[in-house]
Structure formats: structure tokens, C-alpha cells
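Student: Sequence:
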Amino acid sequence: MMRPPSIQVVPHTTTTTTTRRTIHAESTSEPLLPAPPNVSDWNPVHLDMYFDRKQASSILYSPVLGKQPLTTVSQQQQQKQQSTEKSTELVITQDIIEHDQQIPVTRNDSHLFDTYEQVTHLQAWGGFSRGQAKAVMETIQNLLRISVAKQTDQYLTSSQLENESYLISAAVAEFRREVQLLRRNDSALLQSELTALAREVESLEQKLSEDLGSMRDELELSMNDYRSDIREEQKITEHQIQGINNRLTVSLGDAATELESLKWNVIWRGLLGGLVTALGITAVGYALSALRNARTEAVRRKEVIKSSNDNLSYADMELA
1 MMRPPSIQVV PHTTTTTTTR RTIHAESTSE PLLPAPPNVS DWNPVHLDMY
51 FDRKQASSIL YSPVLGKQPL TTVSQQQQQK QQSTEKSTEL VITQDIIEHD
101 QQIPVTRNDS HLFDTYEQVT HLQAWGGFSR GQAKAVMETI QNLLRISVAK
151 QTDQYLTSSQ LENESYLISA AVAEFRREVQ LLRRNDSALL QSELTALARE
201 VESLEQKLSE DLGSMRDELE LSMNDYRSDI REEQKITEHQ IQGINNRLTV
251 SLGDAATELE SLKWNVIWRG LLGGLVTALG ITAVGYALSA LRNARTEAVR
301 RKEVIKSSND NLSYADMELA
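Taking full-length UniProt numbering, the leading residue of the sequence shown gets 1, the next gets one more, and so forth.
Treat the hints with caution; some may be incorrect.
[Claimed, not checked] Pair ranges (Cβ atoms, derived):
id: 1; residue 1: Arg247; residue 2: Gly270; range: 30 to 38 Å
id: 2; residue 1: Leu190; residue 2: Ser214; range: 34 to 42 Å
id: 3; residue 1: Gly253; residue 2: Ser214; range: 56 to 64 Å
id: 4; residue 1: Gly253; residue 2: Asn293; range: 56 to 64 Å
These are computed hints drawn from the structure, not numbers from a lab. Glycine included, every Cβ here is placed at the ideal spot set by N, Cα and C.
Please work from the sequences and hints to get the whole structure.
Tutor: In C-alpha cells:
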């Protein structure tokens, strides 16, 4: 099956004379009159909608009437001429562009593409009659106009863009000048404020130095008074310590004297006890020796008497 011709979009320029070929169909190397293809194999616009031809060319949207068609004298004559056609043709219904009702579409006699060549191609390889091909062409033309109106509504033209760019650059330049002026004013204001602050800082430094000097003098006087009080307290403390030392020295002397006296008393008592003990031991020894001597003398006397008695008796015996 032969492929449909591709449509190349050429920027539309508004001039005093209206041109018919603002969108051209590219030519192809394939033959223009192939075997008639099956209509079901090609995807035309709304093949499922068939219409009465006398309503096709008369429907055109206006920005004021909305869905109301605009019928001209030429269109009425064309409706009368084509009312005798017996073939069933597609109907351009209002549902095709109902979703774009809010976009204002102005009537323009200039065509966005080569309508004659498009109708010829649709008759040649599309299997359409002239009325159906013309209806499809008008549908495509209306859709293209709606798309162009939508793009025009959404985007800016080059002149509008240049105008907006100029306005933006002018506003930026004005803003730059205002910023520079404000910066100069702020710089001068800040400089004056810095000068005033420097003066205030100098006055504060002078006042602070004076306050520090007076505070230093007051601290020196307070320190001198405190030192004199401390010296007096130290002297009083030293006198008290000296008196305590003297009392301790006297007490220690008295304690040493008492200890010496106690020591001598203990020594004398020890000596007297030793002497008494020695005298007692001597007396006991003497008594024991005297007792032993007395016993020895008594024994000796008994022996002398016994011996004398023995001698007398023997002499008496001899005398007798």
C-alpha cells in the first residue's frame, strides 16, 4: 500500500496578499495513482461518522457565535451544487473540536497547506470522492487552525518575545540603577553611622579609662587599709602568742622543779629504805649470831660440866 504524503509545516507569515500554500506536501517518488487501497486499511479522520454534504462546507467556528455555523453566499451555492451527489460522505461534526471551544479561532481566508493538492491526493490514493476529500481537507484545516490558535495563545511570538525581553532588560537596568543608588545611599549612611560609632567608642574608651583609674585608686586605698588592719591583727596575735609562750615557759619550769623535787624525794626515800633494810638485815644477823653463840656456849658449858662430873667421880672413887 502506498504511504501517505508527509506534511511539512512552514512558519505562517501574515502579508497583504493571501497565499494558499503555507504548508506544502512533500512529493514522493512513488506513483501517484496506485491500485485503489482498502479504506479499512487507512486511518482517516472519523471514518465512523458519515454526513450529509450540504452541512459540511457550511460549518465554520467563529469567536463570537461559538458553536453556531457561519454560512456565506458562496457556501450556500456550493451546497446547492453538491446536493445532487448520491455518495455517502463524511460529516464534520461539532464533536471533533468540542474540547477546544474555549480557544478563540478567527476566520482566516489564508490556508495553512496546499488544499488542492491534498484533495487530489485523497481522491487519488485514498478512495474518497471529491466531496469526502474536501470534507477531510476542511476538517484537517480546522484542526490545524485550532492547534495554531492554541499554540499562539500559549506561546509568544518573536516580536512579543523581543518586546518582553526589552521590557525585562529595561526593568533590570532600572532595578540595577535603583540598587546602585540605594547602595550609595546605604554606604553614605553606614559611613556616617560608623563615624558616629567611632566617636561614641572614643568617648566610651575615655570614660572607661577614667573609671578604671578611679577604681584603681579606690582599690589601692582599700588594699592599704586592709594591709594595716592585717598588720594590727598580726601584732595582737603575736602578743597573744608571746604571752602564751611565757605562761607555758613558767608552767614548764614549775613542772620541772616539781619533777626534780619528786625525784630527790624518791631518791632519799630509796636510800632511807635501803639503809633501814641494811640495818634490819644486820640486826637480824647479829641476833642470829648471838643466838647461835649462846647455844654454842650452853652446849660447851654442858660438856664442861659433864666432863667435870666424870673426873670427880673417878677421883672420888679412887679416894674411896
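Student: All hints are to be evaluated individually against the structure, with a verdict given for each.
Tutor: So, going through the hints one by one against the coordinates:
1. Arg247 with Gly270: 30 to 38 Å: holds, 34 Å
2. Leu190 with Ser214: 34 to 42 Å: Once the Cβ atoms are compared, 36 Å apart, the range 34 to 42 Å for serine 214 and leucine 190 holds.
3. Gly253 with Ser214: 56 to 64 Å: Given a distance of about 58 Å, which is inside 56 to 64 Å, the answer is holds.
4. Gly253 with Asn293: 56 to 64 Å: holds, 59 Å
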